[in-house]
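Dock chain B against the given chain A, drawing on the hints supplied.
Top line first, the protein sequences correspond to chains A and B. Take the first sequence: its letter number 312 is residue 312 in this note's numbering, and every next letter is one higher. Take the second sequence: its letter number 252 is residue 252 in this note's numbering, and every next letter is one higher.
There may be inaccurate statements among the hints.
[What the hints assert, rightly or not] Taking lysine-lysine and the DSBU-like style, the derived pairs with C-alpha atoms no more than 30 angstroms apart in a straight line are:
hint : chain 1 : residue 1 : chain 2 : residue 2
1    : B       : Lys17     : A       : Lys304
2    : A       : Lys27     : B       : Lys135
3    : B       : Lys135    : B       : Lys33
4    : A       : Lys125    : B       : Lys80
5    : A       : Lys152    : A       : Lys116
[Claimed, not checked] Facing chain B, according to a computed beta carbon distance under 8 angstroms, are these residues of chain A, among others:
hint : residue
6    : Phe3
7    : Met21
8    : Glu31
9    : Ala35
10   : Ile63
11   : Gln67
12   : Gln68
13   : Gly73
14   : Gly74
Bear in mind the hints are in silico, worked out from the structure with no lab data behind them. Don't be surprised by glycine CBs; every beta carbon is placed ideally from N, CA and C.
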Amino acid sequence: MVFPFKSVLDYEIKFKPEHEMFRNFVKEFMEREVAPKVSYIEEHNEIPKEVLDKVAQQGFQGISVPQQYGGQGGDQMSLAIFSEETAKICPALVTIIGANGLFIVPLLLYGTEEQKIRYVTPVAKGEKRSAHATSEAVAGSDVAGIQTKAEKIDGEWHISGRKAFISGGDIADYFVVLARTSPVQNKRERWKGLTMFIVERNTKGFTIGRHMEKMGLKGSHIVELQFDDVVVPDENRVGPEGEGFKVAMETYDHGRIGVAAQALGIAQAAFEKSLNYSLQRTTFERPIIQHQMIDAYLADMLMKLASARHLVYWAAYLADLGRQEYMLAASLAKAYATEAAEWLAEKTISIFGGAGVIVETQVERFLRDVEITKIYEGANEIQRLVIIRQLLKQTLGVDIS
Amino acid sequence: MNIVTLLKHVYDENQLKIEPSKGDVDFAGVPGKISTFDRNAIEAALRLKQQHGGLVTALTIGSEESIKSIREGLAMGVDKAILIKINSHLQFDALALGNIIAKALEKIQAWDLLLCAEGSTDTYTSLLPGILASKLKLPLITYARSLKIDGKYLTGDRSLERKAVTVQVELPAIVSVVSEINEPRIPTLLQILAASKKEVLVYTLEDLGLSQLEQKYKTIQLSGKGKERKKIVLEGSLHDSVARLVDALVKEGLV
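The shape of chain A in the complex, shown without the other chains (with noise of 0.2 angstroms):
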């Protein structure tokens, strides 16, 4: 035994050819269609609508979804990469993509046949968008304190409240929301009465409110959201009634990796923008690179990415082979890659000294994108809870939440 796993063999990952091709392909697309956009976007804070459209159409909205429901029938280990990849040119991107993963993955797991016809064929061939409605002002990572209540009245689900930090809300066709349909009944149990609608952007008393200026991830945009006697059919309820929060969930556990992959990608750019101005810069009469201080640096940036790397992609690993221990290793490789991808950005700034503060080198960037991979998809905090339950559920089947 390794512990917490069976065997050394537990640690196992592997990739096919198909894998490296498809890092390839999406290095060369973004290389080629997003790249000459970064500063625009940057500076105007949108990402033009030719290059989401690009991005749509290229198949990226549905890598992991089944074939049947127009996706590109790819694993866990695709999305990954698609992740990583995509975020060492525009880490907004991902974002704007993972929230159509967030509508997508609850409506794959608990949906109705219906259900995934209707919404993720489209939203997957990339001829709609989507997202995903769970936060409020009042409630983040407290999932079950949301105040946004659904009544049901004539066999009809009426929602009423706001909903806030919601990405790709601004361009969403498709959202799925989190209602608490049933008051709490004890402490122990306010997890339970809440349910997941889907809500479609045009329905009458459903209002896209401002867009909330953040610090990084320029071009994607999170908005509140404002329901006002919100009429939607039963139909559109995600999974059974009152089980709502297992629905979002099992949602985040999916998009964990994602997450990590992303903050990946940010410390892999930081990494070789490093790496390159180390060789090119002269102090000293010296490139910087023949400074130990520097070297260290390096040295420890190579370590926390290799690391990083491997986490991710063995929870990926994990996840596509159906092990259960994929949300124990998928937590760790959140938590770790994103603080790992925050190390590696502050001291890439301190690598370029004060050009690293200077908007136009683009270092600054990486710590102001990286912030929110700390956050968001469950919080580092929350992650280091789901860690230790896990732990102690894998290795002596406590349950411990």
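Chain B alone, transformed into the frame defined by chain A:
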């Protein structure tokens, strides 16, 4: 319209290491990749197929490693591939390769057009299209930057150094394309995954009745050539610097 494209698996030139003092090229551990401009030839073939129907077949001479590049072609949309297995293409000169390809083309039942790149990114001799045209006694268009098929005629714009020439030939014909002809498509993941299920026929030289191949020339040495950059930095006001930049460029004979 059945089209054959030539596809070569080459060393990734960006990953070659050159020993600084002697200039020796170190091929050890250098990964292979599809010869860059072959993707333009494939793209041209796929666009013609879209207009005129038919099948696109990729033909490769190389080691088993070449399958990696062949799969890229198949992911782009090539229907099937033929690999003629040899140990290393570097040991053959263009004439020898031409002999093999000419023999292999006899194996392909019927084809109307052979498309290849203006050169491969490893040896870049650009000799093969001419050799094949002469061996097969077929018309040849080299350096094509556009192609149009009308019935049994093929019209191509040739991109030459100081001029462009439009020529028309009768099919079947051989064409080499320049990279300006198109922007190669990037396959989707779905296409990449589907490519692993497409057919790759593998032949040996013996299968083609070619056990012995006469080499007309031998590569004795391969070495890298360094180029020192002038690294001229112009300082001072923008106005003065521009004038001095123009002077410097004129002096170097660049403008």
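Results for each hint:
Taking the CA atoms of B:Lys17 and A:Lys304, the gap is near 27 angstroms; set against the 30 angstroms cutoff, the hint holds. Taken as a hint, the A:Lys27 and B:Lys135 pair is broken in the structure, with Cα atoms around 40 angstroms apart against an allowance of 30 angstroms. Taking the CA atoms of B:Lys135 and B:Lys33, the gap is near 28 angstroms; set against the 30 angstroms cutoff, the hint holds. Taking the CA atoms of A:Lys125 and B:Lys80, the gap is about 26 angstroms. The hint holds against a cut of 30 angstroms.
With a C-alpha separation of about 23 angstroms, the suggested pairing of A:Lys152 with A:Lys116 holds against the 30 angstroms cut-off. Interface hint at A:Phe3: violated, since its Cβ lies 36 angstroms from the closest Cβ of chain B, which is beyond the 8 angstroms cut-off. Satisfaction of the interface hint for A:Met21 is found here, the shortest Cβ-Cβ separation to chain B being roughly 5 angstroms, below the 8 angstroms cut-off. Taking 8 angstroms as the C-beta contact cut-off toward chain B, the hint placing A:Glu31 at the interface is violated, the least distance being around 11 angstroms.
Contact between A:Ala35 and chain B, as hinted, is not supported at the beta carbon level, the nearest pair being about 14 angstroms apart and thus beyond 8 angstroms. Interface restraint check for A:Ile63: the shortest CB-CB distance to chain B comes to about 6 angstroms, inside 8 angstroms, so the restraint holds. With a least beta-carbon distance of about 7 angstroms to chain B, the hint placing A:Gln67 at the interface is held under the 8 angstroms criterion. With 8 angstroms as the threshold, the beta carbon of A:Gln68 stays out of range of chain B, its nearest partner Cβ sitting at about 12 angstroms, so the hint is violated.
The criterion of a C-beta within 8 angstroms of any C-beta in chain B is met by A:Gly73, whose closest approach is roughly 6 angstroms, and the hint holds. Against a cut-off of 8 angstroms between C-beta atoms, the interface hint on A:Gly74 holds, since the closest Cβ of chain B lies about 5 angstroms away.
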